[in-house]
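Q: So you can see what is in the structure, the chains are spelled out below.
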Amino acid sequence: MLFKIEARAEPSREMAIAAPLIATGLTVVLSSLFFLSLGYNPAMTLYTFFIEPLTTMNGISEWLLKASPLILIACGLSVGFRANVWNIGAEGQLIMGAIAATGVGLFAPWQESPLLLPSMVVAGVLAGGAWAAIPAFLKDRMNTNEILVTLMLTYVAALILSYLVHGPWRDPDGFNFPQTALLPYNGMFEVFDYSYRLNTSIFFTIAVVVITWLFTERSFMGYKMSVGGVAPAAARFAGFNASTSVWIGLLASGAAAGLAGVMEATGPLGQLSPQISPGYGFAAIIVAFIGRLHAFGIVLGGLLLSLLYLGGEAVQMSLGLPSSIALIFQGLLLFFLLASNFLVNFRIRRTDVRTR
Amino acid sequence: MTPRLDLRGIRKSYPGVLANDDISLSVLPGEIHAVLGENGAGKSTLMKIIYGAIPADAGQIYCDGKLLPEHGPAISRELGIEMVYQHFALFDSITVVENIALSMPGRMDLKRLAVRIREISERYGLPIDPDRLVLSLSVGERQRVEIVRCLLRHPRLLILDEPTSVLTPQAVQKLFETLRQLSEEGCSILYISHKLDEVRELCHSATVLRGGKVTGTANPSEASSAELARLMVGDDLPEITVQPTELSHGPLLAVNNLNVRSETATGTSLKAVNLEVYGGEIVGIAGVSGNGQRELAAAISGEKIASAPEDVVLDGRPVGHFDAGRRRDLGLGFVPEERLGRGAVPSYDLSENALLTAHRLGMVRHGMAMRSKARDFASGVIEKFNVKASGPDAKAHGLSGGNLQKFIMGREIELSPRVLLVAQPTWGVDVGAAAYVRQTLIDLSRSGRAVIVISEELEELFEICDRLCVICNGELSSPLSRAQTSAEAVGLLMTGTGGKAAGRGAQTERDRHVV
Chain A
114 MLFKIEARAE
124 PSREMAIAAP
134 LIATGLTVVL
144 SSLFFLSLGY
154 NPAMTLYTFF
164 IEPLTTMNGI
174 SEWLLKASPL
184 ILIACGLSVG
194 FRANVWNIGA
204 EGQLIMGAIA
214 ATGVGLFAPW
224 QESPLLLPSM
234 VVAGVLAGGA
244 WAAIPAFLKD
254 RMNTNEILVT
264 LMLTYVAALI
274 LSYLVHGPWR
284 DPDGFNFPQT
294 ALLPYNGMFE
304 VFDYSYRLNT
314 SIFFTIAVVV
324 ITWLFTERSF
334 MGYKMSVGGV
344 APAAARFAGF
354 NASTSVWIGL
364 LASGAAAGLA
374 GVMEATGPLG
384 QLSPQISPGY
394 GFAAIIVAFI
404 GRLHAFGIVL
414 GGLLLSLLYL
424 GGEAVQMSLG
434 LPSSIALIFQ
444 GLLLFFLLAS
454 NFLVNFRIRR
464 TDVRTR
Chain B
2 MTPRLDLRGI
12 RKSYPGVLAN
22 DDISLSVLPG
32 EIHAVLGENG
42 AGKSTLMKII
52 YGAIPADAGQ
62 IYCDGKLLPE
72 HGPAISRELG
82 IEMVYQHFAL
92 FDSITVVENI
102 ALSMPGRMDL
112 KRLAVRIREI
122 SERYGLPIDP
132 DRLVLSLSVG
142 ERQRVEIVRC
152 LLRHPRLLIL
162 DEPTSVLTPQ
172 AVQKLFETLR
182 QLSEEGCSIL
192 YISHKLDEVR
202 ELCHSATVLR
212 GGKVTGTANP
222 SEASSAELAR
232 LMVGDDLPEI
242 TVQPTELSHG
252 PLLAVNNLNV
262 RSETATGTSL
272 KAVNLEVYGG
282 EIVGIAGVSG
292 NGQRELAAAI
302 SGEKIASAPE
312 DVVLDGRPVG
322 HFDAGRRRDL
332 GLGFVPEERL
342 GRGAVPSYDL
352 SENALLTAHR
362 LGMVRHGMAM
372 RSKARDFASG
382 VIEKFNVKAS
392 GPDAKAHGLS
402 GGNLQKFIMG
412 REIELSPRVL
422 LVAQPTWGVD
432 VGAAAYVRQT
442 LIDLSRSGRA
452 VIVISEELEE
462 LFEICDRLCV
472 ICNGELSSPL
482 SRAQTSAEAV
492 GLLMTGTGGK
502 AAGRGAQTER
512 DRHVV
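Quick mapping for you: the protein sequence lines, in order, are chains A and B. In this text, residue positions in the first sequence follow my numbering: the first is 114, and each later residue adds one. In this text, residue positions in the second sequence follow my numbering: the first is 2, and each later residue adds one.
Hint data in this document are derived by calculation from the structure and do not stem from the laboratory. In this text, a Cβ means the ideal position worked out from N, Cα and C, and glycines have one as well. The reader is advised that the hints may include incorrect statements.
[Stated by the list, open to error] Incomplete in silico selection of chain A near chain B, CB under 10 Å: (1) A243; (2) A246; (3) Q292.
[To be verified] Okay, the calculated beta carbon distance ranges per label pair: (4) B:R108 <-> A:A452: 36 to 44 Å; (5) B:D110 <-> A:S145: 46 to 54 Å; (6) B:D394 <-> A:P231: 40 to 48 Å.
Chain A with its partners taken away, still in its complex shape (with noise of 0.2 Å):
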């Protein structure tokens, strides 16, 4: 007996709404016969998981704390992986722009400037920028794979970053850790509140989805990059450029990586540190696709992501879970969203043939 996979003509707009409840409920129903074989109870850890995180403002400053730059990097990708231009390597985008707006808001002379903060984000967006010009330039002319060069400059990326906070900007008075000194206090995005950790940065954010959306939907570049993405044949029919597609791709992609590294050097953490990001550049790449390549869809999906590590840390805490027991859940749930996406798009059906 055989399967193949087959696009359906035209997916049902219900069924395109209802997926993500469907997947959550699948989620619920597998999670807690999983956690009562493990003895824990499942409405109490389902409600540490997604409820509790929410209920204190802590919780929630955090959340959208986290949300933040995974928003803003998926809104980013959203624009190449729409054209089928694959940037994987967000994360090291990210850290080549955390380490830009760092280096200028410690060495820069114009220190005591209000222009500090903004001369910072502007380093940190051309700095993401120009690491995701470098896989665009080789691709479009020489044709290499953005997917393995995005990636592997990656790793180049987070040696730099190792070099720099072991070596020459690492702090004097640190206590050897390696780590920059603080950023001065201008060179640091003011918080709503000071009991909590959230930021003005969360604006650039809302921009930026506003911005994608715009963009993607409305705006004829937009336009011809998704036919190029959808149906290359078409884009050469139509003339479109390929190579456009390429530089804009990787150009948004990274600049806004390197914007999410600028609001996390100068938000939360206030310094560089080896540990500058946890993974956001490549959870984005979920999130783009939860939120199925679009700019509301991806707002859902970071914030879903966030709730997940927030959920992740609550029931380690509090219940005692072990971490990979959290791991486990988080990616049952992703499992299910994926998959029940893919069917509204797609359908598996048995083929009859019979071989011998």
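Given chain A's structure and the hints, the job is docking chain B onto it.
A: Same frame as chain A, but now just chain B:
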């Protein structure tokens, strides 16, 4: 005599479509039975049901008088039902005998199989060398491989799906001889086609389908083409009118000594192609599929950029270095052979597809796409070109081939091109829409534009073209005036035996493959 195959009340529905509705037909041993119908009439569905590839919802299939309780490809093989598909299922990179061995039951014995292939191919006049690589075979030869593969199993019912669409007139005659020989030996043949002349020449009886129903049965040698066409289409075909024409002073499109190296091993390189097309005429490019038509179309349209600007000259202006978008800005329209995925984006609706090339008609302001203008444009095309679609929000892949072709052609014509290049204008297009498309092309040329039609259907080219060129092995013949040439002369050029240079070209092509 007990019929070899007897279908009673076959019914098959897909969501939204009744593909087969109460279809009955019977085929006697040794009979060549035509199944005629437009695209979308349900022919292919019916054949798949007969072969057992898909199950019918209702109805019975009798084979030699016995009801089949269940059906499937494996049962078909036991019963001796074999099928030659329109699109071949051969692996390019292995030899003929290896390809055939893959579909034979039992242990693989390539030497013995090769001997049997030679025997069968000689007996039925289908010369084929079992040791050649499939990628070095022409399309006609590939079809022979498929037929030989079926014949090796001694079929009692052979199904052929549009077998002549890839053949030259001469090759069609050879195929018919083979089929007649098979029929004399008692093998029944189901011959699916929409070409009336062929059916009238070859078949003993015909069942005509329209909209999933049997609309009539006829003896094709007695019925006239017009009668059969009426059964297929439902009413009389529109007459195509060709008015005399006045040519422009200079050529609107000139291709000068164009050489394009093929990018793939299976493609064809263009060799020193020259072509001049004047305003007011239709120039046809005939040829057996895979002789450089795709490469020529891409080189003229700008999807493939030529090496020198002067290679392609549009209205006196060298454009060889421009991409398709800039050539369209300068007045070159193009309708490609693949409508889904190239001429239109399948998952986009018609208004979004309008934007694909018609964006230059003021549908973009400040970098933003003007959706409402695109909608208006799409509605206009739908109305003006009789596109059967629910409206500008219909998805491109939801339209039938003919209606999508009308939409794409309408979109390109609305851009007012000076030169329009159309590849395979009526492929997969039903008879009614095809007549409409042809008339549109004639009218366009008579309004002073230059039209180039690349087609594998000679009948069509003879119907609408003023001049004809033949492409063979990437070489283009000098143009022939339609009034002074014949299908036979063109057919010889298509096989590369009619021209002087063409014959040598075929030889070197073969040598290249051997190396």
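Q: All the hints need checking, so say for each whether the structure fits it.
A: Status of the hints after comparison with the structure:
The interface hint given for A243 of chain A is broken, as the beta carbon of that residue sits about 24 Å from the closest beta carbon of chain B, more than 10 Å. For A246 of chain A, the interface hint is violated, since its Cβ never comes within 10 Å of a Cβ in chain B; the closest pair sits about 22 Å apart. Given the 10 Å rule on beta carbons, the hint for Q292 of chain A is violated: about 43 Å separates it from the nearest Cβ of chain B. With their beta carbons about 42 Å apart, R108 of chain B and A452 of chain A fall inside the hinted range of 36 to 44 Å.
A hinted range of 46 to 54 Å is violated for the C-beta pair D110 of chain B and S145 of chain A, which are about 59 Å apart. Distance hint check for D394 of chain B and P231 of chain A: the Cβ-Cβ separation is about 45 Å, which falls inside the suggested range of 40 to 48 Å.
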